[in-house]
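Asks: These protein sequences, in sequence, are chains A and B. Just so it is clear: in the first sequence, position 215 is 215 by the working numbering, and no numbers are missing. Just so it is clear: in the second sequence, position 316 is 316 by the working numbering, and no numbers are missing.
By construction, these hints were calculated from the structure, which means they are not laboratory data. The model shown is predicted, which means the values in this text are computed figures rather than measured ones. Backbone N, C-alpha and C define an ideal beta-carbon position, used for all residues, glycine too. Incorrect hints may appear among the rest.
[As the list claims (entries may be wrong)] Covered stretches of chain A, going by a simulated chain B footprint (3 or more residues, C-beta under 8 Å):
#1 123 to 132
#2 257 to 271
#3 276 to 283
#4 296 to 302
[To be verified] Using 30 Å as the maximum straight-line C-alpha spacing, the simulated BS3-like pairs for lysine-lysine come out as follows:
#5 Lys-231/B <-> Lys-221/B
#6 Lys-141/A <-> Lys-43/A
#7 Lys-221/B <-> Lys-46/A
#8 Lys-141/A <-> Lys-200/A
#9 Lys-125/B <-> Lys-43/A
#10 Lys-125/B <-> Lys-231/B
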Amino acid sequence: MTEVVVEAATIGPSELGPTPAQNLEVRTSRWGRFWDSAKLFAKTHKLGLASALVIILMILVAVFAPIVATHDPVKTTRGPDARLGAPSTEHWFGTDELGRDVFSRVVYGARISLVVATFTVIISTVLGTVVGAVSGYFGGKVDSVLQRIVDAVMSIPVLILALFVVSLMGSSIRNVVLALSIVFTPRFARIARGEMLRIKTSDYITASHALGAKPWRVIRRHGMPNLLAPIIVLASLTFGQAMIAEAALSFLGVGAPITEPSWGQMLSRSREYLTIAWWTVVFPGLALSVAVLSYNLFGDSLRDHLDPKLVR
Amino acid sequence: MIEFVIRRLLGGLVVLYVLSTVLFFVMRAVPGDVVRLQLADAGSVTPERMAEIEDQLGLDEPILSQYVTWLGNIVRGDFGESLWERRPVTEMIGERLPVTIELAVLAIIIAVSMGLLIGIASAIKRGTATDSLLRVTSVIGLSVPNFFVALLFITFLSLWFNYVTPLGYEALWNDPWKNMQQMIWPAIALGVSVAAAIARLTRSSMLEVLHADYIRTVRAKGASERLINYKHALRNSLIPIITLIGLQFGALLGGTVILESIYSLPGIGGLVFRAVQQRDYPVIQACALLYGAIFVFVNIVVDIAYGWIDPRIRRS
Chain A
1 MTEVVVEAAT IGPSELGPTP AQNLEVRTSR WGRFWDSAKL FAKTHKLGLA
51 SALVIILMIL VAVFAPIVAT HDPVKTTRGP DARLGAPSTE HWFGTDELGR
101 DVFSRVVYGA RISLVVATFT VIISTVLGTV VGAVSGYFGG KVDSVLQRIV
151 DAVMSIPVLI LALFVVSLMG SSIRNVVLAL SIVFTPRFAR IARGEMLRIK
201 TSDYITASHA LGAKPWRVIR RHGMPNLLAP IIVLASLTFG QAMIAEAALS
251 FLGVGAPITE PSWGQMLSRS REYLTIAWWT VVFPGLALSV AVLSYNLFGD
301 SLRDHLDPKL VR
Chain B
1 MIEFVIRRLL GGLVVLYVLS TVLFFVMRAV PGDVVRLQLA DAGSVTPERM
51 AEIEDQLGLD EPILSQYVTW LGNIVRGDFG ESLWERRPVT EMIGERLPVT
101 IELAVLAIII AVSMGLLIGI ASAIKRGTAT DSLLRVTSVI GLSVPNFFVA
151 LLFITFLSLW FNYVTPLGYE ALWNDPWKNM QQMIWPAIAL GVSVAAAIAR
201 LTRSSMLEVL HADYIRTVRA KGASERLINY KHALRNSLIP IITLIGLQFG
251 ALLGGTVILE SIYSLPGIGG LVFRAVQQRD YPVIQACALL YGAIFVFVNI
301 VVDIAYGWID PRIRRS
């Protein structure tokens with residue numbers, strides 16, 4: 001009997017979304033269940049699918065930037081006509097104040113944005129989830145101390161805290177990732193802790209205790225899979241926020257080094273030429289907005305998909 | 001009620017204490033110190049000059065003794081002097097705080113009114129084309145960074161309407177008209193994403209309530225849709241919305257740094273930005289505590305608002 005309970009827990013319903021009811025044969029392998037879930041997602045969430053495609057397209061553009069870009073993003077061109085040129089067939093998004101091709105810079109800018117957001121989300125998701133789950137499972141003094149730290153970190157505005165950390169550590173891509181990870185980790189810790197408190201009282205956890213499972217095994221085998229759904233959704237939404245925060249830091253001049261083209265820095269430079277060269281502000285800003293929008297839409301659809309209760 | 005507020009205030013003090021202590025030690029542990037920066041500014045870095053300035057600023061004491069002195073002063077309301085301007089930090093903050101508060105309050109007013117309006121309309125007209133349009137607008141509003149919105153305002157107001165925000169900051173009580181012109185655009189830019197977040201939550205929160213049994217009862221008793229929507233549904237869905245407003249206030253304060261820089265407003269944001277770059281410890285500390293205190297205060301107000309909205313909470 002207990003065997004059955006444990007088995008049911010490891011393939012809990014919330015782990016990878018609803019199982020397609022019309023499919024009589026339910027796959028049991030991890031990959032198979034993921035694939036079924038993904039197919040159902042693509043079928044039921046058209047907007048989510050579209051945003052996923054935009055995200056994939058953006059990753060491809062970033063990876064193959066040298067092929068996609070039409071010009072060298074850092075090559076400056078001299079001459080009165082070359083600077084702040086309006087969009088044309090030669091320069092699709094126009095040129096900036098140093099005669100650099102805005103389209104190529106937007107394409108290369110995707111790289112920093114994606115790299116920073118990806119690493120930030122991975123670090124804060126893993127760290128926050130582990131800390132939150134462990135803290136929620138054991139409770140006690142460690143939990144209270146961790147919660148006070150989470151409260152303290154979350155009481156400082158995101159951008160200000162990130163600004164503190166980057167300025168104190170020095171501007172580099174690594175430090176921007178570090179700063180944003182510090183800023184975003186507490187949210188994951190808070191969600192994971194809340195979920196863990198809920199899961200801890202479940203029968204399958206009691207059963208697994210009765211079977212003599214060690215705490216670490218309980219957390220890993222039964223806690224983690226069941227608290228994953230809200231974490232995945234938060235990760236997707238955080239991705240967009242991390243991109244905005246990175247751009248904001250570059251905008252303030254403490255983000256990525258100025259030698260690298262980044263959207264935030266392009267927006268910052270455009271401030272001097274706003275009224276005479278709208279293309280220097282509109283295109284990098286649009287690229288950033290569309291990227292963030294895709295992650296937000298994807299996160300929304302994922303939330304509906306992973307939590308069928310919310311669908312109305 | 002009073003007991004509740006006092007308990008929350010004490011909890012807030014603990015948060016602020018943890019915050020300031022962590023900041024104090026972290027800031028002094030990382031490389032790059034204010035003495036070197038100041039001497040590099042003056043042109044010569046010699047060991048003697050460094051020792052002299054360290055002595056003046058009290059940075060040569062052991063770190064624990066600096067910590068105790070600093071904590072003792074804070075309890076007495078003395079936040080120290082700026083290491084660069086040699087002026088009391090409280091004075092510097094006092095000059096700039098009204099600008100930031102005005103910007104934030106204006107933004108929150110815009111965000112709450114827009115957000116509630118859109119969210120309510122969306123929930124009432126659920127499933128229609130209007131609803132879809134409003135939902136798409138909200139998610140776009142949530143995704144567009146506030147500094148991009150601000151830059152678009154400047155660019156297209158100038159290109160299409162030949163309108164330029166008046167230069168040279170004027171305080172609200174000196175020249176309200178000019179002040180409003182300078183404040184309204186950054187406030188809208190700042191409020192857009194908060195409005196979008198409020199709209200989304202208002203919609204889902206109201207839909208949840210509209211499915212509740214008591215709404216069906218009210219409807220069965222013959223209440224008009226208008227009465228159902230505003231008196232019963234909206235009021236009961238306000239709790240999560242108020243919570244969100246409290247949380248978003250922090251994000252809003254963070255955004256002021258960037259918008260004050262774009263619109264050249266002399267607020268706290270600019271002060272923090274400069275202080276961080278110059279390693280002006282007392283200013284950074286005081287500003288961090290200020291942000292923390294505002295956050296704690298706003299959340300206490302939020303908790304009090306719960307009781308005001310929902311009598312059941314007030315009684316318990």
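Asks: Next, verify each hint and record whether it holds.
Replies: Status of the hints after comparison with the structure:
Three residues within the 8 Å Cβ limit are the bar, and the region 123 to 132 of chain A against chain B gives 0, so the coverage statement is violated. Beta-carbon proximity to chain B at under 8 Å applies to 3 residues in the region 257 to 271 of chain A; the threshold of 3 is reached and the given coverage holds. Three residues within the 8 Å Cβ limit are the bar, and the region 276 to 283 of chain A against chain B gives 3, so the coverage statement holds. Coverage of a stretch by a chain is defined here by at least three residues with a beta carbon nearer than 8 Å to that chain's beta carbons; for the region 296 to 302 of chain A and chain B the count is 3, and the condition holds.
Between the alpha carbons of Lys-231/B and Lys-221/B the distance comes to roughly 15 Å, so the proposed pair stays at or under 30 Å and holds. Restraint check for Lys-141/A and Lys-43/A: the C-alpha separation of about 47 Å exceeds 30 Å, so the hint is violated. With a CA separation close to 40 Å, the supplied pair Lys-221/B and Lys-46/A exceeds the 30 Å bound. At roughly 18 Å between alpha-carbon atoms, Lys-141/A and Lys-200/A fall within 30 Å of each other, so this suggested pair holds.
In summary, the hint linking Lys-125/B to Lys-43/A is supported, as the alpha carbons are separated by about 26 Å, within the 30 Å threshold. Proximity of Lys-125/B to Lys-231/B is assessed by CA-CA distance (about 17 Å); at most 30 Å being required, the pair is judged to hold.
The structure is inconsistent with the numbered hints 1, 6, 7, although it conforms to all the rest.
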